[in-house]
Amino acid sequence: MTDNEVAVAPTDQRGSGAQTRTEANQASPPPATMRKGFGRSARSRERWAALSFLAPFLLGLVAITIGPMAASLYLSFTDYSLIGDANWIGLENYQRMFDDPRLAASIGVTFRYVFVSVPLQLAMALALAMVLDRGVRGLPIYRSIFYLPSLLGGSVAIAIMWRQVFGTDGLVNQLLAMVGIQGQGWVSHPDYALDTLIILNVWTFGSPMVIFLAGLRQIPAMYYEAARVDGAGPVRRFLNITVPLLTPIIFFNLVLQIINAFQAFTQAFIVSGGKGGPSDSTLFFTLYLYDRGFTAFDMGYASALAWLLLMIIGLFTALNFLMSKFWVFYGD
Amino acid sequence: MVTDTTTPARAEHEPHPVPRKRRRGELGSLKRLLIHLGLIVFAMVMIYPLLWMLSASLKPIDQIFSDPSLIPRSLEWSNYTEGWNALPHPFHQYIFNSMIIVAGAIVGNLVSCSMAAYAFARLKFPLRGMLFSVMLASIMLPIHVVIIPQYILFNNLGWINTFWPLIVPKLLATDAFFIFLMVQFIRGLPRELDEAASIDGCSYWGTYLRVIMPLCTPALATTAIFTFIWTWNDFYSQLIYIRDIDLQTVPLALRLFLDAQGQSNWGAMFAMSIVALGPIFGFFLAGQRYLVRGIATTGIK
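So the sequence lines, in the order shown, correspond to chains A and B. If you use the numbering used here, the first sequence closes out at 332, no skipped numbers anywhere. If you use the numbering used here, the second sequence closes out at 1301, no skipped numbers anywhere.
Since the hints were derived computationally from the structure, they do not count as laboratory data. We treat Cβ as the ideally placed atom computed from N, Cα and C, and that holds for glycine. You may find that some hints are simply not true.
[As the list claims (entries may be wrong)] According to the in silico footprint, chain B covers these stretches of chain A (three or more CB under 8 Å from chain B):
#1 257 to 264
#2 281 to 295
#3 304 to 315
Could you build all of it, start to finish, from the sequences and the hints given here?
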């Protein structure tokens, strides 16, 4: 089911592609003079109906999404600071990035977060999905328990909890003390603070797990039967049947979770008290962007940072799609 | 063997994962017991921090960090009464503010996204394919890229420190994920229904209101529940748009605890955190059928 998303767009384009060319000039929103055509033919009635259904969406697309994107591209070439005018300063904001040590730190932190937590999270999700797919009784209960953290994970309350769990007198250190290990303040130590956030992201493995479970159900049981008849053990069945047939789902989860992880904000903001500390060890890119844009009101530079983030996410998504040719197996 | 049960399950195009017969069902009973044991231990580890916080919220402060046991010696409700009144406003003020935003967001998403979804799923119009692709792409668009110009826009409209920046975008179907969810759902409904309605003289709006929407209830429920949870949890945009102390929402209020209380009153902060998680937990219990279906069909948390 999940791989539909990729398949949906092309099919749809085929449906209207032919009309698009000839009628592009009539595209919405039409000038008022065209109104005399209203209700004339069934076809134009359908178009006007479509326009009325799409009106909120189109307005939002222009005013809330595409307009601001363009505006932020323009602002990235200015020194706008909310008060006063936006003066064109060319590429200065982008040049500034090269000698901005905090930006470099934030990119490092974000990359480490994304490329450590996402593989761990997906491995956990796949492992649990495989176990649950073996016909365990009580599957809905386990699934719910494992899924719950995904719903709660983004909230401030959980971030507060995390700060305490890994705090100096927190749960982790209490448990460590029971086996005689003297713990330390994990969230306040620059070497470990990021790890606690990585663990928090791994903790929310439930939603990719549910997607894996749905994918595992699509694998016909007869493949396994046949492999078993041919004498394939559990490892070979996993490597030669489960993994290849699941690659589209793995790919889908990978793309999605990478994009999500790049945008993580709340957890780091709360755990570090809004500063990205200690010593910038949890300064996610998004935190730095917030700091420049909404604390320093350096909106020109923040816009440039926003576009850098978009480029980075776009680049990794594109790379993901390119690489997928070599390992994702779409069957027939 | 039960192999044949999987084939019809696939043919039905059922988006909801059907509880399927055990297909490799000859696990030994010892092995099965071990799997259950492993899963139960793992589940306990997963939710242990939550239970720890719940129990800490019911303990006197001096026991929170000294006594690791999950069961409090006596139930101490004072953390709750104290936490409720520890901030500039009583906590129900923040809950009320959050509820206004949540209600606006739910109504906005239900109306605007279902309208757009009906057009994409059923109507032919110029640029449909392109708009659909743009809509899909916008699901992936990071909010960080558009937040600065949006802030400037809402600032010029005088909407900073109001709820409008948090509600109006929902009325304009900017949560494209839900459009996609409903398009998928509407495509699964038989087109004959639309044709029958049209023969009976139903307009497009009539078909949408009287035929499609009633059948979309599961997708609408999924939308409402996810909108609730996401808006209730949302911190980033509320942090940016709401600075007025009277308009603060639950996530912002929890953050005030961190700022104001420093290291002191953990019990009260935990208690209010539990209060903040309560509604999500409730919606999760009530609507998990729709949640699981929502993720399984579209794949977004």
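Hints versus structure:
1. Counting residues of the stretch 257 to 264 of chain A whose CB lies closer than 8 Å to any CB of chain B gives 4, which reaches the minimum of 3, so the coverage claim holds.
2. Only residues whose C-beta sits within less than 8 Å of a C-beta in chain B count toward coverage, and the stretch 281 to 295 of chain A has 5 of them, enough to reach three; the restraint holds.
3. With a threshold of 8 Å between beta carbons, the proposed coverage of the stretch 304 to 315 of chain A by chain B holds, since 5 of its residues qualify and at least three are required.
Every hint from the earlier list agrees with this structure, and none is contradicted.
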